[in-house]
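Participant: All chains should be built: construct the whole structure from the sequences, respecting the hints.
These protein sequences, in sequence, are chains A and B.
Offset between the first sequence (1-based) and the numbering used here: plus 78.
Offset between the second sequence (1-based) and the numbering used here: plus 463.
Don't read these hints as lab results, they were simulated from the structure.
Any given hint could turn out to be false.
[As the list claims (entries may be wrong)] DMTMM-like cross-link-like pairs, simulated, lysine to aspartate or glutamate; straight-line CA separation at most 20 Å:
1. A:81 / B:588
2. B:1084 / A:203
3. B:515 / B:1130
4. A:81 / B:584
5. B:1207 / B:1077
6. B:716 / B:548
Take a look at the letters that make up each chain.
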Amino acid sequence: MAKVHVSSTVNGEVMEFLCEPQETLLDVLRNQLNMTGTKEGCGSGDCGACSVTVNGALVCSCLVLGVEAEGAEIGTVEGVSNKDQLHVIQQKFLEHAALQCGICTPGLVVSTQALLKTNPKPTEEEARYYLAGNLCRCTGYDKIIRAVMDSAETLRGDA
Amino acid sequence: MSEAKQFKYIGTRSIRPDGFDKVTGRANYGADMSLPGMIWGRTLRSPHAHAKIKSIDTSAAEALDGVFAIASHADLPAVANISIEAGEGSSNLVDLGQNVFAKDKVLYHGHAILAVAARTEAIADQAIDLIKIEYEVLTPVMDILDAMAKGAPILHDNMFTEGLAEKPTTASNVATRHEFKLGDVEAGFAAADVIVERDFYTPTVHQGYIEPHACLGRYDENGQSMIFCCTQGHFDVRASTAALLKMNLSQLKVIASEIGGGFGGKTTVYQEPVSLILSKKSGRPVKMVMERDEVFKASGPGSASRLWVKVGAKNDGTITAMQGRFHYEAGAFKGSPVMMGCMTAFTPYNLENVHVEGFDVVVNKPKVAAYRAPGAPQAEFAAEMVVNEIAEKIGMDPIELRLKNAAAEGTQTIYGPKLKRVGLVECLEAVRDSEHYKSALKENQGRGVAAGFWFNVGGQSSVNLNMNPDGTGTIVEGSPDIGGSRASMQLMAAEEMQMPAENFKPIIADTENVAFSAGTGGSRTTFATGMAVIEAAQDVIRQMKERAAAVWNVTAEQVEWSEGVAINTAGEDRLTAKQICKGADRTGGQISGRGNINARGAGPSFAVHLCDVEVDKETGKVDVIRYTAAQDAGKAIHPSYVEGQLQGGAVQGIGWALNEEYVYSKEGLLENAGFLDYRIPLASDLPMIDAIIVEVPNAFHPYGVRGVGESGIIPPLAAVGSAVSHAIGIPVTELPCSPPRVLKLVQDNA
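Facilitator: Here it is as structure tokens:
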């Protein structure tokens, strides 16, 4: 099948790629653009490890086709920090030991950023429900939720 | 270790050294590596649970453009019928080969039959669709009771039950019988005022790591073959792969990627040898990544079990006898952890009379793999449920009952040794004294408490501490970091050297760059590899003193090491680690410490959990509303990551207790091979998990460490189960306590 030419903006950088019509955005990111920070845990939208934003909306990149990225603004974990300066969310994940194996962390960082953009002052329950699509098998979520709540507070400047 | 030691670095909550890479997406996990010329491998798996393979036709697949190679069991050399040590325990090499590729019979839905290497995954999948296989479908055996029934279909014609008084003459699905005994249970039951006995069932569960198995293999005919993969033990991958492919160990390098969870499930091989075979046949590096359904269908679940427990006690709470009969599913090949179940079931109690039998049973399900405290959660679930029922019957607080019978220093275990100093009593007291235990329950709520015991292991670990000319050091270790262990290694080196933690960078070396190290499992890494780090640091200090002594023309004994500085006790001289390292070229060359050990004296870690649930009696849905987990860490090197183990273990156990189970069709096909239907706990399912770290030092570790990785998954099954029983007033005997099961219990007893 003929490949499709796609041009989009990834983390603010204009990128072009050729992809098969059935190829997912996740596969394009990982295998064509060599951006392996976005992880695949299930390929069916159940685990959230591949969370990215498309035009600001939080999505599972395994459920988006590469061709749908045409003209879109894509945000991935690689774009969260500013070079060597970690984002507050990333810093709080480290301070709270909110990761063990770390495979779910890129997705959680991206999802948390999306949460705090739409709801800068979530209750614990709101944070737990917003992040219910991001599976973590190691931590039991306790330290993740603490990191998220602390991030929210710091970003609001209440701390 | 007698008195409490003062520590400067350990016990602090430092930032993990690999953290930056993991929050930014830079860390490379199993599927994240590629090589020039790389192609992709995919696996053809059995659509049946039990069938003979009549014929295979790969001609159309071979002809497809973009297909490079096809591999099957025929590509594995004949291997000896021996056990090899790999992963958590040993496995039979013939079985391992037949799990990697079915030989002439498929034994479970998803059993690998062939693999195809092609330019893209899509082409490989297309090729797989073109392969024609004829099967003779056999009746599947999906449950222990069916497997043991008279006339049951036999999975392996050459398997005869071991461990029986008389050698059997007919093949059986029961691989082994185990037995452990102390005292006289009949006399014990005769002395009891109250006796409770019950049958229990626990389902097949999966470790549920988020990262699917992934590897990249490159064969090299000149003895430079390489596998990059996610594993808990890259030396075990090397041992298993080399044994299966008849290679010598030095011909294969295994590089451990970062690992996205394992919980015991990444201690064996599946695709790793296959990637090398496909690479050999194609002349290309071959990457293989399982899809999620393959992870569920074909990688190590935890055993389903059928359990019977009988406990007798006096009215004052003294337990007079405990007895158990445990049947565990091994999956398609023998080797369930039932023996561990036998050994752990009643170990939280100081008993005179115990009798346990265990049976390892094969069924048409994937071969089980280790799962966090392998074998313990099932048997201890049954034991703890019955102990709670005894407490209720005699009207005694369940923690008081446990305190009255608690295992402690000197308690005779059923499996041999007497316990050394352990922290069960302290964990029970911590939970009893918690605010949680004193809090009141509301309507439709219930409370459960349970204890858990796990041995923990030591074993071989190798560490080099290479000092750099600027006084910093690289900790070269061979234990994959699955939950933050690099941070612990760094803190232990800092403590020993009395230098800031940031001075030390831990790396996980491949199999060529550090000597053999057993895998990350058995809660051994912080304990055993930590001891190797300590020994390597002591070796460095010894050399530092020698170098300083040579400079000052004194003996090494006259040099003291304090706060990272060598001090001449015979004068005023001082040399910092940095100065000694910088001048090492003039004192005999660079400094490198070595700690290659076989660690003995792993201290058991006891855990006690407390769970409150609320049951919706109209739907059967159970919510965990409050949870406390106490566990003996001996000494917490990095308290945050210790708490993380307690919390993570608790939640994995909550999942086991409430929702998780393999669902099979009548034909033996797995119907819920995905995270949507195999439902592990979500953030929205849970409250915060209060973690109480108890520290009763292990006398056999320089800092008192006990492994903490596993015990935490044991108590939740009975803590949750008993809480549900308490809430609905009906004994729970089957897991999971999913809405349909709980609703049925409520309705049947209305």
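Participant: It remains to establish, for every hint, whether it holds in the given structure.
Facilitator: Against the structure, the hints:
Distance restraint check for residue 81 (chain A) and residue 588 (chain B): the Cα-Cα separation of roughly 18 Å lies within the 20 Å cut-off, and the hinted pair is therefore satisfied. Proximity of residue 1084 (chain B) to residue 203 (chain A) is assessed by CA-CA distance (about 18 Å); at most 20 Å being required, the pair is judged to hold. Annotation: proposed proximity of residue 515 (chain B) to residue 1130 (chain B) holds, straight-line Cα distance about 15 Å (limit 20 Å). Pair hint residue 81 (chain A) plus residue 584 (chain B) holds up; C-alpha atoms about 16 Å apart against a cutoff of 20 Å.
For the hint pairing residue 1207 (chain B) with residue 1077 (chain B), the CA-to-CA distance comes to about 17 Å; that is within 20 Å, so the pair holds. Between residue 716 (chain B) and residue 548 (chain B), the direct Cα distance comes to roughly 18 Å. Compliance with the 20 Å bound is thereby established for this hinted pair.
This entry satisfies every hint, going by the numbered hints stated previously.
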